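Participant: The residues making up each chain are set out below.
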Amino acid sequence: MDIFEIKNTIKKEFEEIKNSKELRDFSKKYLGKQGEIRKIFGEIKDMTLEEKKVIGQEINSFAKELEIKVSELEKTLKKDSLEKIDSSLPATKTETGHLHPLTQVRREIENIFQLMGFSVLEGPEVEDLWHNFDSLNIPEGHPARDALSLGKTFYLRKNLVLRSHTSPAQTRYMKKLGAPLRIVIPGRVYRYERTDASHETNFYQIEGLMLDENISVANLKGVLERFLQEFFKKKIKIRLRPSYFPFTEPSFEIDMSCAVCSGNGCPACKKTGWVEILGAGMVHPNVVENGGLDSEKWKGFAFGMSIDRLTMMKYKINDIRWFHSGNLKFLKQF
Amino acid sequence: MIVSYSWLNSFFKKPLPQPEKLAEILTMHAFEVESFERKKNDWILNIDVLPDRAGDSLSHLGIARECTAILNLKMIYPVSKIKEEGLKIKDLLSVEIKDKNCKRYSTRIISNIKVGPSPKWIADKLINCGINPINNIVDATNYVMLELGQPLHAFDYEKIEGSKIIIKHAKPGEKILLLNNTECVLDKKVMVIADEKRSLAIAGIKGGKHAEVNHNSKIIVLESASFDPKAIGQTARRLNIRTDASARFEHNLDPNLTEIALDRVCSIIKDVAQGEIQTGMIDIYEEKVKPKKIKLELELVNKILGINISLNETINILNRLGIKVLSKSLLLEIPTFRQDLLIPENIIEEIGRINGYDKIPSLLPCSFLEPAQRNNELFYVNKIKDVFKELKYIEVYNYSFISDKEVKKFSLKAEPINNPISSFFKYLRPSLIPQIVDNIEENLKTYKDVRIFEINKIFIPEEKKIKEKLIVAGGISSLDLLKLKGDLLCVLDNIGIKATFKNLELKFEGEKLGEIKQIKNILVFELYFDILMEHANEEKEYKEILCHPKAVRDISGIIDDEINELQVFETIQEIIAPLVVGGEFKVTDVYKGKLEQGKKSVTVNISLQHPERTLNTKEINKIINDIIKNLSEKIGWEERK
Numbered sequence: 000m001d002i003f004e005i006k007n008t009i010k011k012e013f014e015e016i017k018n019s020k021e022l023r024d025f026s027k028k029y030l031g032k033q034g035e036i037r038k039i040f041g042e043i044k045d046m047t048l049e050e051k052k053v054i055g056q057e058i059n060s061f062a063k064e065l066e067i068k069v070s071e072l073e074k075t076l077k078k079d080s081l082e083k084i085d086s087s088l089p090a091t092k093t094e095t096g097h098l099h100p101l102t103q104v105r106r107e108i109e110n111i112f113q114l115m116g117f118s119v120l121e122g123p124e125v126e127d128l129w130h131n132f133d134s135l136n137i138p139e140g141h142p143a144r145d146a147l148s149l150g151k152t153f154y155l156r157k158n159l160v161l162r163s164h165t166s167p168a169q170t171r172y173m174k175k176l177g178a179p180l181r182i183v184i185p186g187r188v189y190r191y192e193r194t195d196a197s198h199e200t201n202f203y204q205i206e207g208l209m210l211d212e213n214i215s216v217a218n219l220k221g222v223l224e225r226f227l228q229e230f231f232k233k234k235i236k237i238r239l240r241p242s243y244f245p246f247t248e249p250s251f252e253i254d255m256s257c258a259v260c261s262g263n264g265c266p267a268c269k270k271t272g273w274v275e276i277l278g279a280g281m282v283h284p285n286v287v288e289n290g291g292l293d294s295e296k297w298k299g300f301a302f303g304m305s306i307d308r309l310t311m312m313k314y315k316i317n318d319i320r321w322f323h324s325g326n327l328k329f330l331k332q333f
Numbered sequence: 000m001i002v003s004y005s006w007l008n009s010f011f012k013k014p015l016p017q018p019e020k021l022a023e024i025l026t027m028h029a030f031e032v033e034s035f036e037r038k039k040n041d042w043i044l045n046i047d048v049l050p051d052r053a054g055d056s057l058s059h060l061g062i063a064r065e066c067t068a069i070l071n072l073k074m075i076y077p078v079s080k081i082k083e084e085g086l087k088i089k090d091l092l093s094v095e096i097k098d099k100n101c102k103r104y105s106t107r108i109i110s111n112i113k114v115g116p117s118p119k120w121i122a123d124k125l126i127n128c129g130i131n132p133i134n135n136i137v138d139a140t141n142y143v144m145l146e147l148g149q150p151l152h153a154f155d156y157e158k159i160e161g162s163k164i165i166i167k168h169a170k171p172g173e174k175i176l177l178l179n180n181t182e183c184v185l186d187k188k189v190m191v192i193a194d195e196k197r198s199l200a201i202a203g204i205k206g207g208k209h210a211e212v213n214h215n216s217k218i219i220v221l222e223s224a225s226f227d228p229k230a231i232g233q234t235a236r237r238l239n240i241r242t243d244a245s246a247r248f249e250h251n252l253d254p255n256l257t258e259i260a261l262d263r264v265c266s267i268i269k270d271v272a273q274g275e276i277q278t279g280m281i282d283i284y285e286e287k288v289k290p291k292k293i294k295l296e297l298e299l300v301n302k303i304l305g306i307n308i309s310l311n312e313t314i315n316i317l318n319r320l321g322i323k324v325l326s327k328s329l330l331l332e333i334p335t336f337r338q339d340l341l342i343p344e345n346i347i348e349e350i351g352r353i354n355g356y357d358k359i360p361s362l363l364p365c366s367f368l369e370p371a372q373r374n375n376e377l378f379y380v381n382k383i384k385d386v387f388k389e390l391k392y393i394e395v396y397n398y399s400f401i402s403d404k405e406v407k408k409f410s411l412k413a414e415p416i417n418n419p420i421s422s423f424f425k426y427l428r429p430s431l432i433p434q435i436v437d438n439i440e441e442n443l444k445t446y447k448d449v450r451i452f453e454i455n456k457i458f459i460p461e462e463k464k465i466k467e468k469l470i471v472a473g474g475i476s477s478l479d480l481l482k483l484k485g486d487l488l489c490v491l492d493n494i495g496i497k498a499t500f501k502n503l504e505l506k507f508e509g510e511k512l513g514e515i516k517q518i519k520n521i522l523v524f525e526l527y528f529d530i531l532m533e534h535a536n537e538e539k540e541y542k543e544i545l546c547h548p549k550a551v552r553d554i555s556g557i558i559d560d561e562i563n564e565l566q567v568f569e570t571i572q573e574i575i576a577p578l579v580v581g582g583e584f585k586v587t588d589v590y591k592g593k594l595e596q597g598k599k600s601v602t603v604n605i606s607l608q609h610p611e612r613t614l615n616t617k618e619i620n621k622i623i624n625d626i627i628k629n630l631s632e633k634i635g636w637e638e639r640k
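First to last, the protein sequences are chains A and B. If you're matching positions, the first sequence starts at 0 in numbering that gives the first Met the number 0 and goes up one per residue. If you're matching positions, the second sequence starts at 0 in numbering that gives the first Met the number 0 and goes up one per residue.
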C-alpha cells in the first residue's frame, strides 16, 4: 500500500469537485465512518508498532487537513451556488454610455478614408461669402448662387454666412496645404429649409478632395466604389449620371446599387435597384486657381455626401429630426 | 420641363425608343427623367433639366437635340412659311431700347386676325404640357415656347399708345396691372416694355392687362426678345413672380433664336387665326452673338475621363452635338444655342456623357503611399467622447440655434441670424448649457438618472468677428458634486491633464479649464477644448509596482479651511519623495463642527512602502514625524492628539 499514491488520488479527486453534491459524495466516500480513510487503518493492523505509529500519524494529519479543506469548500460552494438562483428571472440591467449615431458613423467614414490615405480636416462653420460661393465658381448673380443663397443660406452680419456645404474647405485647404492633396472634411452644415422627415436645418456632410497630376473620373469611381463597399461591407456597384455643380466639371450624381436588395429592386430603392448617394465631379479649373494652384498641372476630384443620410440608411432611421432631439429613448439604441 | 413623347417623336422620322427606355437613356446621358406617365394618347415625361442647360433644353427642340446626340438620329426641324403682305412694319411701329439689359428685340405685326379657340392639335399639346389654352394667339406663343424654348409675347397693336415700343427702366412706384389681374408696384431696377404712356409688360417676366390680346383684337404685335439672364432672374426673385418665360430668360437663351421663333409663331398664327403678316421685321440686335471657338486636346479628354476614346469617335460625338469640328487638331466651333460651353472641360463633360459614363472603368488612383495625417484635435475630441461613454454618459447633439427664451433665461450675448427660420432659432448659441439643461429636464420625464454630454461649437459675438469655440459640456440629473468632480478629473486624466478642482473650477497650472454650475437640481459642466488642447498629451510612464509590505498610518490635524487637499498632499510629498519611498495618501475624513470658525479637521491616511525592503518601526516613525513637522511649518497643521 502506498500512502503517497492514495493521498495523491484523493487530492486530485478533491480538486475536481464542482458542486455541493459532488462534495457530499466525496466526503462520504473518504471521510465517513465507512470511508476509505477509515479502511486504511484496518489495513495497517499487521504492521509493526513503529510503522503503525508513523503511518497512523500521517493518515490522521492528512484526514484533518482534508476535513478542513472540505468544510472550506463547502462554505464557498454554499455562498456561490448558482443552484439557488432562478436564472430565468430578468437580468439586472447594466447601463453603458452611448455615442451619438452620427459620431459613430462619422468615425467609420473617416477611418475608411484614412486607410486610403485621406487626412481628416475640419473647416469653420461661420464662412465668408467668398469661400462659400465665389471661390467655388458661384459668383453673385449666378443662378446656383441665388438658388443656394436666397433660398437656402443663413445670413449673418456683413459678409458672413453659416456654411451651406462643406465645399468651402476645398479652396481653404488648397491655399493652406498646396498640392498634391488627399483630404476629407466632415462637419456640420446649415440650410434654410422647412424641416420634415428628410430635411434639417443642421446636418452633417463630408467633403472629399484629391488633387494630383494624374487623377481621372475613373479614379473618382474607384475611390467611391471602394469606400461604399467598405462602409456597407458588401459588393456595391456605382453608376454616374450627368449633373451640374458650378465647382466641378464634369459633374455627377452618383447612385449605388441598393445595399438592401443588392440591386434587385425593393421598397428601399423604389424598385429601381439604385439609390442616389452623393454628388461629385472633377474640380473645376477656376476652383483650383482660386485655391492658388496651377489648374493646368493639378487635376482632381471632389465629392460631398450627407453623413445623416448614410446613418439613416445604416440604422434604418426614418426621420432625420431624431438626431437633434436629445431624446435618450433614441440615443440609447446606438 | 414637361415633355410630350408624341411631340418629341415628331422631330424624327424613325420612332424613338419606348418611353420607359427613353427615360432611362435620358437619365443616364443627359437629364434625370423624374417620372413618365400615360395621358390620353400620349406619354408625359417630367424631365429635370440641369440649371446650366436651361438655356437650350427647356423645349421639345432641346430635348430632341439631346436624343439626336445620344441616339445618333437624324432630326427634322420645324419649318416656318412666311408670306409677307400689306404695309411695311416700319410705318406701323417703332422700337427703342433704353435699357442695356435688352440684348435683342425682334417683332412682327399681323393684321386682320380672327381671335378664337385654338385647334385641337395645339390645345391638346398645351394641356398635356400643363398649360391652359386661352385663345389661338396666346396659345401659339406658348406653343412655340414649348417647341423652341423662346418665350414670346403678343400685344394688341391698337392699345399701344403712340405706335411706339420702348424698353426701359420702370418709374419708381409705378403700378402695373398684370394678366392675372394682380397689381404690381415697380421700382426703377425693373425693366419694362412700355409705350409712350405706360408700361405694357414686365420684360421677360409677365405681360400687362392693358395691351392684352382678346377676342376684339384685330392687329397684334409679336415680341421675340433676348434679355440679360441675371437681370431677369434678380427681378423675378425680387418681385416674387415666376413664370414659364422668366424660368427661360433667367438662363442663357441663344439671342439668335428670337428671329427663328418669331417666324415660327407668325407662321402658326397665319394657319390658325388667318391674318396678314405685315412686311418686314423690326430687329434691334446691337451685339450679335457669334459662335465661340474652343481648342480641345484629345489627350486631355482621355486623361480626365480615364478612358481611351479615339479621334474619330470624338469627332462623331461632337458632330452629333452640333459642334463643328474645324480641324483634325480639334479646333471646335460651338453653336450659339450652347451658351454653357465655355472651356475645354465643358466639352470633355459632353463627350463623357454622350459616350456613356458606364464606359469609364473603376480604378484606384496611382499615388504615393503618403499616410493620412493625424488630426490632433479630432484625436482628443474622440478620446474625450470615449471616456465619457466609459463613464456612462450619453452623447447628445443639439442645434446651433437658440431663441429669446434661452438668451433671457441664461443672460447670454448671442449673435443674431439675419434670416432665422423661426423664432425658436433666432440666434447662434454662445453656450451649450441651455440645451443641456433642457435635454436633462425633458429626459427626466422618462428616466430617473440622466448623464449627458455634447462636444460642439459655440459662437461668441465679438466686435470684428464671430468667434467659434469648441466646448465640451454636459450635465447630470443630481447634485452629486463629488461624483461629477471625479468624472471630470478622470476625463482630464485620460488626456494627460492632472487638474485641480477648487470653488467649482477645474484648473491646470493656474489656468482655468472649465467649471461646474448648479441649475436647480441639475449639475452642468463646461470644459474649454482650446485650453485642453494646450495641455493634452499622451505621455505615460510605468511606475514600479512595489511588493514589500506597506506601513499604514493615519494622521489627524486641524488646518485652515482655505487649505485644500492638494496643498496637504504636496507638503507630504516633499518629505516622502527624497527618501525614495513609495507613498500613497488620501483624505479619509474632514470635520468642521465644533471647531473654531474657518478651521477644519482633516484625517490623512498614509501608506509607506520601500521598493527594496520592509521598513522598520523606527524608520516609519521618523518619516511620519517629519511629515507632521513639515505640515505644521508649511500649512499650520495642528496635530490632534
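Accuracy of the hints is not assured; some may be wrong.
Estimated spans, in silico, between C-beta atoms of each pair [what the hints assert, rightly or not]: (1) B:D186 - A:K232: 40 to 50 Å; (2) A:N317 - B:I283: 49 to 59 Å; (3) A:N317 - B:P171: 46 to 56 Å; (4) A:Q33 - B:E543: 38 to 48 Å; (5) B:G635 - A:S86: 15 to 25 Å; (6) B:E543 - A:A196: 40 to 50 Å.
Since the hints were made in silico from the structure, they are not lab data. Every value quoted in this text rests on a predicted model; they were computed, and no experiment measured them. For every residue, glycine included, the Cβ atom is placed at its ideal position computed from N, Cα and C.
Participant: All the hints need checking, so say for each whether the structure fits it.
Facilitator: Now the hints, each set against the structure:
Distance hint check: the CB atoms of D186 of chain B and K232 of chain A are about 59 Å apart, inconsistent with the given range 40 to 50 Å. Distance hint check for N317 of chain A and I283 of chain B: the Cβ-Cβ separation is about 58 Å, which falls inside the suggested range of 49 to 59 Å. Hint check: N317 of chain A to P171 of chain B, Cβ distance near 52 Å, so the stated range 46 to 56 Å holds. Judged by the Cβ atoms, the range 38 to 48 Å given for Q33 of chain A and E543 of chain B is violated: they are separated by roughly 57 Å.
A hinted range of 15 to 25 Å for the beta carbons of G635 of chain B and S86 of chain A is inconsistent with their spacing of about 59 Å. In this structure the hint that E543 of chain B and A196 of chain A lie 40 to 50 Å apart at CB is violated, the actual value being about 60 Å.
In summary, the numbered hints that this structure violates are 1, 4, 5 and 6.
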